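Trainee: Here is how the chains run, residue by residue.
There are 4 protein chains.
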Amino acid sequence: MTRAAVAGASGYAGGEILRLLLAHPTIEIGAVTAGSNAGERLGALHPHLVPLADRVLQDTTPEALAGHDVVFLALPHGHSAALAATVPDDVAVIDCGADFRLESGQAWTRFYDTEHAGTWPYGLPELPLTGGARQRDQLAGARRIAVPGCYPTGISLALAPGLAEGLIEPDDVVVVAASGTSGAGKGLKAHLLGSEVMGSMSPYGVGGGHRHSPEIEQNLSWAAGAPVTVSFTPTLAPMPRGILATSTARLRPGTDPAVVRGAWEQAYADEPFVHLLPEGVWPRTADVVGSNLVLLQLAVDAHAGRVVVVSAVDNLTKGTAGAAVQCANLALGLAETSGLPVAGVAP
Amino acid sequence: MTRAAVAGASGYAGGEILRLLLAHPTIEIGAVTAGSNAGERLGALHPHLVPLADRVLQDTTPEALAGHDVVFLALPHGHSAALAATVPDDVAVIDCGADFRLESGQAWTRFYDTEHAGTWPYGLPELPLTGGARQRDQLAGARRIAVPGCYPTGISLALAPGLAEGLIEPDDVVVVAASGTSGAGKGLKAHLLGSEVMGSMSPYGVGGGHRHSPEIEQNLSWAAGAPVTVSFTPTLAPMPRGILATSTARLRPGTDPAVVRGAWEQAYADEPFVHLLPEGVWPRTADVVGSNLVLLQLAVDAHAGRVVVVSAVDNLTKGTAGAAVQCANLALGLAETSGLPVAGVAP
Amino acid sequence: MTRAAVAGASGYAGGEILRLLLAHPTIEIGAVTAGSNAGERLGALHPHLVPLADRVLQDTTPEALAGHDVVFLALPHGHSAALAATVPDDVAVIDCGADFRLESGQAWTRFYDTEHAGTWPYGLPELPLTGGARQRDQLAGARRIAVPGCYPTGISLALAPGLAEGLIEPDDVVVVAASGTSGAGKGLKAHLLGSEVMGSMSPYGVGGGHRHSPEIEQNLSWAAGAPVTVSFTPTLAPMPRGILATSTARLRPGTDPAVVRGAWEQAYADEPFVHLLPEGVWPRTADVVGSNLVLLQLAVDAHAGRVVVVSAVDNLTKGTAGAAVQCANLALGLAETSGLPVAGVAP
Amino acid sequence: MTRAAVAGASGYAGGEILRLLLAHPTIEIGAVTAGSNAGERLGALHPHLVPLADRVLQDTTPEALAGHDVVFLALPHGHSAALAATVPDDVAVIDCGADFRLESGQAWTRFYDTEHAGTWPYGLPELPLTGGARQRDQLAGARRIAVPGCYPTGISLALAPGLAEGLIEPDDVVVVAASGTSGAGKGLKAHLLGSEVMGSMSPYGVGGGHRHSPEIEQNLSWAAGAPVTVSFTPTLAPMPRGILATSTARLRPGTDPAVVRGAWEQAYADEPFVHLLPEGVWPRTADVVGSNLVLLQLAVDAHAGRVVVVSAVDNLTKGTAGAAVQCANLALGLAETSGLPVAGVAP
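Residue numbers (the working numbering), protein chains in the order written: chain A, 1 to 347; chain B, 348 to 694; chain C, 695 to 1041; chain D, 1042 to 1388.
Calculated from the structure, these hints are not laboratory results. Hints are not guaranteed to be accurate.
Calculated pairs, BS3-like style, for lysine-lysine (alpha carbon to alpha carbon, straight line, at most 25 angstroms) [unchecked claim]:
(1) A:LYS186 x C:LYS883
(2) C:LYS883 x A:LYS189
(3) C:LYS880 x A:LYS189
(4) C:LYS880 x A:LYS186
(5) D:LYS1227 x B:LYS536
(6) D:LYS1227 x B:LYS533
Covered stretches of chain D (chain C as the covering partner; in silico rule of three or more C-beta atoms under 8 angstroms from a C-beta of chain C) [as the list claims (entries may be wrong)]:
(7) 1089-1095
(8) 1358-1371
Keep in mind that this is a model prediction, so the values were computed, not measured. Each residue gets a CB set at the ideal place from its N, CA and C atoms; glycine is no exception.
Using the sequences provided together with the hints, build the complete structure.
Mentor: Next up, the structure:
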């Protein structure tokens, strides 16, 4: 067995990692730590994790995390670097924070008020890169991996095939996405109260103001081999989990619509988690809840000259914790799909 | 008092018209008719309309509709023309169907399998038109009015000021909107079951496939004074009511971002129902539920070169029945706001 | 016109009072005050109250409340007495708090840690009392009225007719009720986050632990003319508004089931807001949303020897703010139904 | 490996069985059949079951079901007997329908219009019986098992310990339960539309009218060793999954409240799926979603002389399909918990 520590286990991301590890055939749960919630029973914070209810959260310290094969970090942004530095180089560290996702320190500084910590291999194995490579190649055996943000996961996979194949313009990408409320975390904010969110949709971070914008542009630029500009509008939807992203881009002049679908089909034909649905069938977020799936569909709008790709992911699973476990599997040489649900919990 | 008949009162649109008329100070409810539900108690179909519970639905016939000052039609698409022809010319007919909304018979034929019935004055009073006119001018005293579709209402008002002022490009408009389930009507379809929609988002009519696309383009073209092309993706959200539309367009080269906000402010400064929110405050659909309001906010994304406008309407009120009552008020020379809520039911 | 002040306008109850007063034909809104939110725009706290958006909340002081015909108090429990003492005797004070609802100081002390402030006429006009009286008699022209709690409203009206007529046993009443989350207020608590409440039901205050228990027993005892004991379990439901209460009591031995329905029919035959539905039709909370309605239905379970009464109210309207306006109407000699919706906002 | 057939796979129960079997370590999915949906891709009916998407539903015939080790029946009530008769005696048949749950033909006839098919061992392993036995004893190696209804599961386990120990009266049990909409199945009914159920609670089958009443009374009578009478009111809640049952009974005179909790603790101390929560912690349905858990809590209300027990189950998992797999495990001699989630999917 492989032993995992989870640092920052009191939030939604940490809870989801524990839920997945409970069902993982070869990773067992070691230390479980928290910041201000240290000392509490896990059952008080995550009552759904019944088998772990009587575990008491330890303080997040290097000592608590020592002696594991893999350490998952689910900390507030800006806190991963110091802690990761205390973990031996041969131990895998999988970071769910934003700290090591961006290549550009400038992009980091635009949205975060700490110093840029650096860049780790980016944990989106399925991402097609320009020239036929795949992001997965950087992850096998890696000992430091930065798990993607939830929005960038669904959006990058939605558009990358068309960019990698040069079918769509890189400078006119428009994305509007709806996220369940768990994406906003467990912090106590008035606009996240049930009374406020049920029956309501609202946008936030409009006009380029969302922290995930540079990460989306970075990933799409990797796929395109050229700078990609994105107009990104996230919205909050009255559901606990799930992201539905509508990503559109202008088709390059002269592109034969018939070749478009083929690019996406080919990109994900062998992927266990990413699926282009049969023609005419559109993704629903309910179908990916609790799973590591990404469901995709696309249409060419000849009238508007655009391709529209819709993707559904569970922001907590494939969008965070599932990706983290998938990355751990790759880092540790386990089967990539080990312990990861490939069916959603619906209805 | 003015007497109103409501034809097609068994559906959501008809029910909402009745709800509004119950609180209208000068319009009283006359005949209430239906198709296959004729003979049923209204209480069995709309249990929330308690004061009307014991009314029995009549058959939708010319005789039933005779003798009223205004006739509201809330029929399935394609059924309004024949019925409207039986209503005397001096009686106001307010049609909530799509039948008379489009100028272009060709656009009609693309989405409906009946003959194009014609074109009536389009009932979106607040729509700014190119050259400084306003759609309201066509409605005062009119005896035939076509009520806009729910999506076109929120989207047309969102983008028209920028198009009328020539601030945005007409050929690269991208709109993604989320609608509550009542927008899909009361028909029994598996994907509309509560078990399927709660906790889920999904798109439909992607790639130009939604019936409202030509209506949106028509309205925006009126505002621009030139053809406008729109990429429109509607999605279904887990809430009964409300539309949140994210409408984006490319700013014309050289446009001073500072003038952008002014165009929208000026367009709606005197409107009782349409409001540009204070800077930085974004619309939520919950705040317009049950009201005739349209709430708007915009941001200029200099990086992407786009303006992003978000609008919230209640698809059943300002999106259908409230607009119908507003149009009736204009047709009959009543105060335009008469009987129309200007505050939403929240939380 | 009559002028009203609203003290404590930043919470859900205060917001709902303002929403109703906006549509009231003869009461106009005067001072609007708050505690820690004083100085804020109303639009920042209640964005749905569009016509009041630019009003700034004043401090809750005697000076601010002076010069009105009626003062609504929507304060945290325990704060009403001191403020009410500063309002002249000829001004109507309508208190939405619990402070003056209970006759028994002992019952008060069981649940609140302040001194018992006293007892005001209890603002549930429709409550049938033993001997044929009606609670309404105490309210016409009153200058101090205590508005009932939301649960007691639906539950007291559900069982009072049977108790007043001696048809059911007073010592074996069992009530289980589900409330929307707005009943828990706007306070920032982790279990009220949207992520926690959507898709979930949970109980609280089980085993007699809810503050409304003594108020329910008091009201039912008034109706029965003898002490009534209630087992009351409230639950939190994934909806913003509405209470569905299932109230059951043992039928007195020898009671003819045929007379049972008649007692409820007769009790509410002339009430504008309280309705026993046609046989076989059961209340839904959606049908009372935003209205001052109470919808009721009952069944006799001969096998279990019980009558089961189900009632639906909107906790914020008839359960709080609607009742407050209704009480103000009675106090000021206005029509009791003035400004109060008698149709819910559905779907 | 063990091979399973699933008959009636197009509904919610059948889909949930398939979801669980996909993760079962030793049972593999064989034939998958349906009635009117035969011939369709499974992906069209259960898009969340991605690995089975291309499976085509066969007709439900004896031939299709032949050659399996276990056959799950998820058919409409009344259809199991004829099909079960065609399955060899040494093949395990696990019936999710009501057909074989009741001992009393009379009780069956009260609610179903077909002939009573007979009685099979009742598949609620954890049910404490009078005299210290456990329902599990009848299931090991059984070849015919009737899976309990969803409501009876949560309610029977909630009250059985007190009845088996003689702590509560058998003749005054009152239960009110809220169920998610998937409990009502996938049939197209107007009151199950998303627009109707979101934001709404409503009761049904009030006054002893629900089919599960005799099953609940049967189970509780087994536990008590004497006839138990129940007043049962089910309600529909705005969530897709989950049942929250509030079950109350009068304490026997002279019962020491201190011994009450002990009875429940002892009853479930060794159960892997049924858990009495730490004192003061109450169950939430969200915490059992997708799992085979039953979460319980109780309180003694000395004032009302009652014990109140609240239980949470997922109606589709432990309430149907999870119980079916658990029964299959027992029938086939596999570990009872094999393939069954012990953590819910929350938030």
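Trainee: Each hint should be assessed against the structure and marked as holding or not.
Mentor: Now for the hints, and whether the structure bears them out:
With a C-alpha separation of about 10 angstroms, the suggested pair A:LYS186 and C:LYS883 falls inside the 25 angstroms cut-off, and the hint holds. At most 25 angstroms may separate the alpha-carbon atoms for a hinted pair to count; C:LYS883 and A:LYS189 meet this at roughly 9 angstroms. About 10 angstroms separates the Cα atoms of C:LYS880 and A:LYS189, which keeps this hinted pair within 25 angstroms; it holds. Distance check on the hinted pair: C:LYS880 and A:LYS186 sit about 16 angstroms apart at the alpha-carbon level, within 25 angstroms; holds.
Our distance criterion of 25 angstroms between C-alpha atoms is met by D:LYS1227 and B:LYS536, whose separation comes to about 10 angstroms. Proposed proximity of D:LYS1227 and B:LYS533 is supported: the alpha carbons are some 16 angstroms apart, at most 25 angstroms. As drawn, the segment 1089-1095 of chain D meets chain C at 0 residues by the rule of a beta-carbon pair under 8 angstroms; below three, the given contact is violated. By the rule of at least three residues with a Cβ nearer than 8 angstroms to a Cβ of chain C, the coverage given for the segment 1358-1371 of chain D is violated, with 0 such residues.
Comparing the model with each numbered hint stated earlier shows that hints 7, 8 do not hold.
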